[in-house]
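Visitor: Listed here are the chains, written in short residue letters.
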Amino acid sequence: MVMGCDNTDPDPVIRPTPYEIEYPFTINKYLPPMIIPEDNPMTVEGVALGRKLFYEKKLSGDGTMSCASCHMPDVSFADSSKFSVGIDGIEGKRNSPNIVNAGWMNDLFWDGRAESIETQALAPVTNPIEMHSTWIDVSQKLMLDEEYVSLFNAAFGTIIIDSMLVVKAIAQFERTLISGNAPFDKFLANEPMNWSTEDFAAAYNGFMIFMDETKGDCFHCHGDETNPLWTDNLFHNNGLDAVFTDLGQGEITHNPSDNGKFKTPTLRNLLFTAPYMHDGRFNTLEEVVEHYSTGLKNSPTIDPLMKKVDQGGINLSAVEKANLVMFLKSLTDSSFVVNPNFQNPNQ
Amino acid sequence: MLSCNNDDPKGTISYPVSFAFTQTVGGGQLMTNSLNYTNAAGNTFSVEKLQYIISDVTLHKKGGGSTIIDEYHFVDIANASTLTFNAGILLEEGIYDRLSFVFGLKEDKNISGVHTDLNALSWSWPDALGGGYHFMKLEGRYIDTLANTSSYTTHMGTAREITAVDTTFHVNYIHIDLSNVEINISSETTIDIEMDVLNWYENPYTWDFNLLNTMIMPNYEAQINLRNNGQNVFSIGQVHSN
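The listed protein sequences derive, respectively, from chains A and B. Going by the working numbering, the first residue of the first sequence is number 51, and it counts up by one from there. Going by the working numbering, the first residue of the second sequence is number 410, and it counts up by one from there.
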């Protein structure tokens, strides 16, 4: 859309329409507003372009992959495979994280190597085991497409398409991927959850375990009812391995104290995002909870929050573990994965 | 927000004042991940994480009058941007002989869910323990009695007391009062507020990590001991005139 256009003006001014973010109840109540980079304000045109680019296979070397190939909307923008496979058939070494409420996240990737969504979006396009392209090639392909030239002009006021504009648009779209309509959100908003009395009771008891420092003690890293992100946005070694095959954050900082630490993932939409952990080693939530209950392995950088490591963990009872899983299920936002605004516009 | 109750005679010059936070162990600069500190109980320990909140910083002018900064500030030694606190205050020139603040949050600020920045940091204190927010997370490792390396998590907040007849929540913030100081405000000034980590674990209560390591949030006595020991943790370091 071109606004403020004067037909007699040889150099019309492009004024994209500011994008109004709609915050769900819990997010609006408990989180600060999303931090939008000054050099990438959200606009209706930018978000629409970013959505189209997110699903655009021209971003890959052979035109077979888009961002959505590894971040699929029906599984909360994660990948159901343990490791995603790039255009050359090569597996990555980490499970693709989901994209939920990314506008509040910092230090992206499991190892935190990207400080912003824009920076993060730059990497997969040129990664040789992912989309294996070059930004020159991508820019040329997009500039040969008249529709993209028009869309970039509408969003950014230029017909010169480069990597920075591509990632800015994708970041704008990703910032719209807001999830805040899970049964637990409804409970906090005094809306009906439509859960059975038994399931509600189990989830409630699970939340008590979640919040008890002497039991699950999940809240220190994953937040609570006042942190709708369900992550502390920090890095922890959660006792997966005694010996590291993947250094995680330490690979980036080169600080041995960071070895084996990975970004705390959000607990939102876990029912869609299996397998779990940075390497996708657990297929079910029950396996995840069992890890914290009895499977902890000691190492020099294990997080002090991991309790009773010498006993393998906190040793929850079968009922406690089942309740905890039921609570985790209450963080599932089914409306998020079918939101029409998030689907592929290129079909 | 800023409120002043001092006289403000016309013609008096005021200067910007900010605060910087420094951390020491036994007087030496804190080095994280260094398992070679010794507390009063004889435990060898390290510090990996130190985050805390101070609020209601107040500067008291010699002869009367004070200026309070009606805000809280979150300090994380891993995040350099949190190690300075510039509330945008202008302080009337002169001698200030007392600096006070609250370690943690008083009741009017320690309300669950109201501070969105703290919410996003997962800083809540569970409602079952009285709600509000953590005042401090101090974490690291120590050498236990079996010579193994174990972990401690010294987390502080509202103290829950359970008796045979009742459950009571005790506000557990610490009113820190640093008097007998002389801060001369005659130009733009930064005041260092120094925490000595060692003092959390002694005077009056000698804290043994073998007895109190993790899961101390529901431990009423441990929370009260932290409050008592915390009276002696802070001092004023250097005062920088720019």
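Hint data in this document are derived by calculation from the structure and do not stem from the laboratory. Every residue, glycine too, gets a C-beta built ideally from N, C-alpha and C. Check before you lean on any hint, since a few could be wrong.
Claimed, not checked - Under the rule of at most 20 Å between Cα atoms (straight-line distance), these lysine to aspartate or glutamate pairs were calculated in the DMTMM-like manner:
no., chain 1, residue 1, chain 2, residue 2
1, A, Lys265, B, Asp465
2, B, Lys458, B, Glu570
3, A, Lys358, A, Glu248
4, A, Lys347, B, Asp586
5, A, Lys79, B, Asp526
6, B, Lys518, B, Asp536
7, B, Lys518, B, Asp553
8, B, Lys458, A, Asp157
9, A, Lys379, A, Glu248
10, A, Lys107, A, Glu70
11, B, Lys515, B, Asp536
12, A, Lys371, A, Asp249
13, A, Lys132, A, Asp282
14, A, Lys347, A, Asp296
15, A, Lys79, B, Asp465
16, B, Lys470, B, Asp517
17, B, Lys515, B, Asp553
18, B, Lys458, A, Asp282
19, A, Lys358, B, Glu603
20, A, Lys265, A, Glu370
21, A, Lys265, A, Asp157
22, A, Lys236, A, Glu336
23, A, Lys79, B, Glu570
24, A, Lys358, B, Asp553
25, A, Lys347, A, Glu337
As the list claims (entries may be wrong) - Footprint (simulated), chain B over chain A, 3 or more residues, beta carbon under 8 Å:
no., region
26, 72 to 84
27, 140 to 154
28, 262 to 276
29, 279 to 288
Visitor: I'd like to know which numbered hints this structure contradicts. Please list them from smallest to largest.
Guide: 1, 2, 3, 4, 7, 10, 13, 15, 16, 17, 19, 21, 22, 23 and 27
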